[in-house]
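J.: So the protein sequences, as listed, match chains D and V. Positions 977 to 1167 (the numbering used here) are the ones given, in order, by the first sequence. Positions 600 to 972 (the numbering used here) are the ones given, in order, by the second sequence.
Hints were generated in silico from the structure; no laboratory data involved. Among the hints, erroneous ones may be present.
Said to hold, decoys possible - Think about it this way: if two alpha-carbon atoms lie no more than 27 Å apart in a straight line, the pair counts; the simulated DSSO-like pairs of lysine-lysine are: (1) K672/V - K1029/D; (2) K1029/D - K1074/D; (3) K1167/D - K672/V; (4) K1029/D - K633/V; (5) K987/D - K1029/D; (6) K698/V - K987/D; (7) K672/V - K987/D; (8) K630/V - K1029/D; (9) K1060/D - K1110/D; (10) K630/V - K1167/D; (11) K780/V - K794/V; (12) K672/V - K1000/D.
Said to hold, decoys possible - Residues of chain D placed beyond 10 Å of chain V at every Cβ, according to the derived structure: (13) Q979; (14) I995; (15) A1026; (16) N1079; (17) V1081; (18) K1110; (19) M1132; (20) S1153; (21) G1157.
Positions of the beta carbon are idealized from the N, C-alpha and C atoms, including for glycine.
The lines below spell out each chain.
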Amino acid sequence: MIQTDRMLDAKGLACPMPIVRTRKAMKDMLEGQVLEVQSTDPGTVADLQAWAKSAGHHYVGNVQEADVWHHYVRKADNGELQEKKYPVTIMNEQLTDKLREPNTVLLDVREPTEYAFSHIPGALSVPLGQLEEKAAYFDKNQNIFVICRTGNRSDMACQTLSEAGFEFVTNVVPGMSGWNGDTENTTGGTK
Amino acid sequence: MRAIQASEVAKKVIREEPLFILDVRNEDAFKDWKIDGKQVRHMNVPYFELLDGIEEIEDSLPKDQEILVVCAKEGSSIMVADMLDEEGYSVAYLQGGMKAWSEHLEPVKVGDLKSGGELYQFVRIGKGCLSYMVTSDGEAAVVDATRMTNVYSEFADQLGVKITHVLDTHLHADHISGGRKLAEAAGATYWLPPKDAEEVTFNFAALEEDASIQIGKTKIDIQPLYSPGHTIGSTSFIVDDSYLMTGDILFIDSIGRPDLAGLAEDWVGDLRESLYSRYQELSEELIVLPAHFMIMDELNDDGSVAEKLGVLYERNHGLNIEDEEQFRELVTGNLPPQPNAYQEIRQTNMGKVQPDEETQREMEIGPNRCAVR
Chain D
977 MIQTDRMLDA KGLACPMPIV RTRKAMKDML EGQVLEVQST DPGTVADLQA
1027 WAKSAGHHYV GNVQEADVWH HYVRKADNGE LQEKKYPVTI MNEQLTDKLR
1077 EPNTVLLDVR EPTEYAFSHI PGALSVPLGQ LEEKAAYFDK NQNIFVICRT
1127 GNRSDMACQT LSEAGFEFVT NVVPGMSGWN GDTENTTGGT K
Chain V
600 MRAIQASEVA KKVIREEPLF ILDVRNEDAF KDWKIDGKQV RHMNVPYFEL
650 LDGIEEIEDS LPKDQEILVV CAKEGSSIMV ADMLDEEGYS VAYLQGGMKA
700 WSEHLEPVKV GDLKSGGELY QFVRIGKGCL SYMVTSDGEA AVVDATRMTN
750 VYSEFADQLG VKITHVLDTH LHADHISGGR KLAEAAGATY WLPPKDAEEV
800 TFNFAALEED ASIQIGKTKI DIQPLYSPGH TIGSTSFIVD DSYLMTGDIL
850 FIDSIGRPDL AGLAEDWVGD LRESLYSRYQ ELSEELIVLP AHFMIMDELN
900 DDGSVAEKLG VLYERNHGLN IEDEEQFREL VTGNLPPQPN AYQEIRQTNM
950 GKVQPDEETQ REMEIGPNRC AVR
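Next up, chain D with everything else stripped away, as it sits in the complex (with noise of 0.2 Å):
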């Protein structure tokens, strides 16, 4: 099961409907927020990313069940646009090398979806909306990665953390989005 922030059902329907009913759905989300699409016609597999990309949304991945696609789409988040602020980076490249050195972590505070479909082997997922709650749990003395999509929210969450007195904070860029490296995908789906 993949946590989501709300669920349209488009099963039986026919194109043109299910990219209909998702667009309206999609304007009544917040920014960030990703909706489960259910669709039983194969041709909105191809549509429903095509209009994603067209109207700037995240087109996450897809899991077929019997006759049901699950599709997952992340609603555009102009704060994506944003330049970044925090000031300790590091490139994706140098991240593998980073993460063999003891006391590191890796937070990925993309959407539970988004981790779920892809991400790299040992990270743990605290999205961006729970980490100042999470972020008591960890050791300030660790050495904090920090990645997202295009490492804008991970700038974010760097700020929060070197705000909450966490010294040894690290955004990783560009982030998933240009990630070459070992992934894992726990939904059985396509991204």
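Since the structure of chain D is provided, determine the placement of chain V on it from the hints.
T.: Only chain V this time, still in chain D's reference frame:
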């Protein structure tokens, strides 16, 4: 707003009438295949870009010509056509969408046979597949049937003939054969080249070179001619001493590719032997009827795809490469992408898997790619 059937669009394309198509499928689907024609103009805007209205594309739409809106199945095209209709455009949508276009067969009479029969070609214009019906004295044979078998059954009923023989020139890799289904429904004999049928899971009659098949009492001969190269079993048919059905060995403007059922390197020699030696011995007056066409230019004015063998020996580049090495290079070095799902299609045609109709449809999506040019 009106619904246009695939058959009407096919006739417009064949007659080279001007046609403006607003294709509202997503860009990838449009790039993969579309309705082609000499006088067809296209505009591709996915339907989901038009949900708020058509203002943004209005400058590009013709005001004095009917707009044909096309999508995958028809739902989205109706929505967009409605919007255009409200704005006062002359507009139509393709009934059944590209699905119907892919499945439409346009029957064209190729000619009368010497002893009283007739020969029809079924042009699957959306996919480039060609199949045939030979009739004589109340009986009919169907060659390279597509999976839309009711088209042949209904056509035979209209002509008042009974389908007694169904033949495939080879084991197809680009489309699902309707041969077995049609033969079973009609109580006809299903013929296959034995060398292509070693793994099939059903009974069939073996096409052997010296045994001709007779249609009707007036004796229309279908003479099998072993002509390997596209597949190891590929067999051509000489019909009524006048027509040469070449399957996927020889097309009007190209030749068959040798790699879909094995290795190009292994069969290139067979392909050359068939084209440069076996066919050379035949009469130049024979009219070549292939199992495919690739581009609309290959259609004659009446929509048929047919040309004299002698003319092909003059004009078809693939028949005019004297150097054997150069020929080898053309057919092994230049191969186009393989057809969609061709391995699964071969398995289906062998009877090893039985996908449902919707899956068969998906498997056949896109253009056929059986030729090298």
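J.: Decide, hint by hint, whether the structure agrees.
T.: Cross-check of the supplied hints:
Distance hint between K672/V and K1029/D is fulfilled; the C-alpha atoms sit about 22 Å from each other, no more than 27 Å. Taking the CA atoms of K1029/D and K1074/D, the gap is about 33 Å. The hint is violated against a cut of 27 Å. About 26 Å separates the Cα atoms of K1167/D and K672/V, which keeps this hinted pair within 27 Å; it holds. As the CA atoms of K1029/D and K633/V are separated by approximately 22 Å, the hinted pair is consistent with the 27 Å bound.
As the CA atoms of K987/D and K1029/D are separated by approximately 22 Å, the hinted pair is consistent with the 27 Å bound. Between K698/V and K987/D, the direct Cα distance comes to roughly 21 Å. Compliance with the 27 Å bound is thereby established for this hinted pair. Our distance criterion of 27 Å between C-alpha atoms is met by K672/V and K987/D, whose separation comes to about 17 Å. About 17 Å separates the Cα atoms of K630/V and K1029/D, which keeps this hinted pair within 27 Å; it holds.
In summary, the hint linking K1060/D to K1110/D is supported, as the alpha carbons are separated by about 23 Å, within the 27 Å threshold. Taking the CA atoms of K630/V and K1167/D, the gap is about 22 Å. The hint holds against a cut of 27 Å. About 21 Å separates the Cα atoms of K780/V and K794/V, which keeps this hinted pair within 27 Å; it holds. This hinted pair checks out: K672/V and K1000/D have alpha carbons roughly 23 Å apart, not beyond 27 Å.
Non-interface call for Q979/D relative to chain V: holds, since the shortest CB-CB distance, roughly 27 Å, exceeds 10 Å. Listed as outside the interface, I995/D is inconsistent with that label: its C-beta sits roughly 5 Å from the nearest C-beta of chain V, within the 10 Å cut-off. A beta-carbon of chain V comes within 10 Å of the beta-carbon of A1026/D; the shortest separation is about 4 Å. No beta-carbon of chain V comes within 10 Å of the beta-carbon of N1079/D; the shortest separation is about 47 Å.
Every CB of chain V is more than 10 Å from the CB of V1081/D (nearest about 40 Å), matching its label as outside the interface. Every C-beta of chain V lies more than 10 Å from that of K1110/D, the closest at about 38 Å, which supports listing it as non-interface. Against chain V, the non-interface label of M1132/D holds: every CB pair exceeds 10 Å, the least being about 31 Å. Against the 10 Å criterion, S1153/D stays outside the reach of chain V, whose nearest CB is about 21 Å from its own CB.
Every Cβ of chain V is farther than 10 Å from the Cβ of G1157/D; the closest lies at roughly 28 Å, confirming the non-interface assignment.
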